[in-house]
Amino acid sequence: MNWLTRGLVRLYPRVWRARYEAEFAALLEEVKPGWGTTWDILRGGLALQMRTANFGMIVAGLGLAGLAAGLGVWRAMPAQFVSQVTLQLQAAEAGDGKAMPERANRAAQYLFRNKQLSAIVKEDNIYPAELARKPMEDVLAEMRDSITIRPGRAVALPAGAKPFSVWPIDVSFRYRDPEVAERVAQDLALRLDFLCYLEGETGGRFSGSRVIADTALSGAREVRANIWLYGAMGVTVGVMAGVGVGWWRGRSRAQLVG
Amino acid sequence: MSDPTLLVLASLAGGDKHGYAMMEDIEQFAGVRLGPGTLYGAITRLEEQKWIRPVASEDRRRPYRITPEGRVHLAEMLARMGAVVKTGLRRLKHA
Chain A
1244 MNWLTRGLVR LYPRVWRARY EAEFAALLEE VKPGWGTTWD ILRGGLALQM RTANFGMIVA
1304 GLGLAGLAAG LGVWRAMPAQ FVSQVTLQLQ AAEAGDGKAM PERANRAAQY LFRNKQLSAI
1364 VKEDNIYPAE LARKPMEDVL AEMRDSITIR PGRAVALPAG AKPFSVWPID VSFRYRDPEV
1424 AERVAQDLAL RLDFLCYLEG ETGGRFSGSR VIADTALSGA REVRANIWLY GAMGVTVGVM
1484 AGVGVGWWRG RSRAQLVG
Chain B
26 MSDPTLLVLA SLAGGDKHGY AMMEDIEQFA GVRLGPGTLY GAITRLEEQK WIRPVASEDR
86 RRPYRITPEG RVHLAEMLAR MGAVVKTGLR RLKHA
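Protein chains in written order, with our numbering: chain A, 1244 to 1501; chain B, 26 to 120.
Since the hints were derived computationally from the structure, they do not count as laboratory data. The structure displayed is predicted, hence computed values, not measured ones. Just so it is clear, CB atoms sit at the ideal spot from N, CA and C, and this is done for glycine as well. Keep in mind that a hint or two might mislead.
[Unchecked claim] Pairs of lysine to aspartate or glutamate residues, derived as EDC-like cross-links and limited to a Cα-Cα distance of at most 20 Å, are as follows:
no.: 1; chain 1: A; residue 1: K1275; chain 2: B; residue 2: E94
no.: 2; chain 1: A; residue 1: K1275; chain 2: B; residue 2: E52
no.: 3; chain 1: A; residue 1: K1365; chain 2: A; residue 2: D1381
no.: 4; chain 1: A; residue 1: K1365; chain 2: A; residue 2: D1430
no.: 5; chain 1: A; residue 1: K1275; chain 2: A; residue 2: E1264
no.: 6; chain 1: A; residue 1: K1275; chain 2: B; residue 2: D50
no.: 7; chain 1: A; residue 1: K1365; chain 2: A; residue 2: E1385
no.: 8; chain 1: A; residue 1: K1377; chain 2: A; residue 2: D1367
no.: 9; chain 1: A; residue 1: K1358; chain 2: A; residue 2: D1388
[To be verified] According to the in silico footprint, chain B covers these stretches of chain A (three or more CB under 8 Å from chain B):
no.: 10; segment: 1258-1267
no.: 11; segment: 1467-1473
The whole structure should be built from the sequences, with the hints applied where relevant.
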């Protein structure tokens, strides 16, 4: 009997071990070890625990099993990387600075259109596996969820810029490959910069303003899904399963007694 | 046919056996290799129902014996199964 088998026998109920452990150990010494045998010993122990455990123990046990499963899923999830670029849009005159958020917002909406995003997907050759099994529209919807555009925090002003005229914007992109995440984030920032410029050019009112892009690359950092969320989901599912199993077992026993 | 309790009872109907001997016997007559956890789960249930009982032994490998109640239960189960088999075969012939 190896250490794994010995450990698994400890999972059997104490009352059961007091009665059967010696002869069970003698049997295990004769049985050919293997994964099938190991799984059978584990399954047998769990089944016996379920028979002897009360309602609270079943709920707690399956809750813990759910927690372990949730953490296992969290750990098995592929890593994701986020790269962020900060743009500094600068208006040429004081009056233009106030309109800068609105201009950036319109430009961002344009950037999120299918035409712009599908061009990035093709040029940067991203989402190849997804494109093989899903239509482009679904892949673009996934891409939109991976892009964040929001007002950035104040950074050092370009030489000669006036405080009222600078509008920092953070553009970030999340992807499974850090280099691709960086490249696409840069691409998105440059496109947003150009679209803001076009907004100024075509908006009439902003024709005299300039948009300056200062791409402050922060590199790609690894991000993981929320471990608490996965743990909580696992516990919830486990507890619900425990309540179901406990209720079903109680009902079966009541029917037997009746 | 793969119910472990039925297989254990059928094996013990042929004489007292310890766990490993039951595994070998069952594999021979039913073509099913019971794992140790499954076998002892079945032995536990059968002993609780008083359909089998342990036999005193000097060895750590404790043999088991089918009880008269166990024989009755086995006979009932086999009769029910026999009826199902008979019906199935008859219907196959007429199909």
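Verification of the hints:
Simply put, K1275 of chain A and E94 of chain B have alpha-carbon atoms about 33 Å apart, too far for the 20 Å limit, and the pair is violated. Between K1275 of chain A and E52 of chain B the CA atoms are separated by roughly 14 Å; this keeps the pair inside 20 Å, and the hint holds. Annotation: proposed proximity of K1365 of chain A to D1381 of chain A holds, straight-line Cα distance about 15 Å (limit 20 Å). Between K1365 of chain A and D1430 of chain A, the direct Cα distance comes to roughly 12 Å. Compliance with the 20 Å bound is thereby established for this hinted pair.
Note on K1275 of chain A and E1264 of chain A: the hinted pairing holds, with a Cα-Cα distance of about 18 Å set against a maximum of 20 Å. With a C-alpha separation of about 16 Å, the suggested pairing of K1275 of chain A with D50 of chain B holds against the 20 Å cut-off. For the given pair, K1365 of chain A sits about 15 Å from E1385 of chain A by alpha-carbon distance, which is consistent with the 20 Å threshold. With a CA separation close to 18 Å, the supplied pair K1377 of chain A and D1367 of chain A stays within the 20 Å bound.
A distance of roughly 16 Å separates the Cα atoms of K1358 of chain A and D1388 of chain A; the hinted pair therefore holds under the 20 Å criterion. Counting residues of the segment 1258-1267 of chain A whose beta carbon lies closer than 8 Å to any beta carbon of chain B gives 5, which reaches the threshold of three, so the coverage claim holds. Only residues whose C-beta sits within less than 8 Å of a C-beta in chain B count toward coverage, and the segment 1467-1473 of chain A has 0 of them, not enough to reach three; the restraint is violated.
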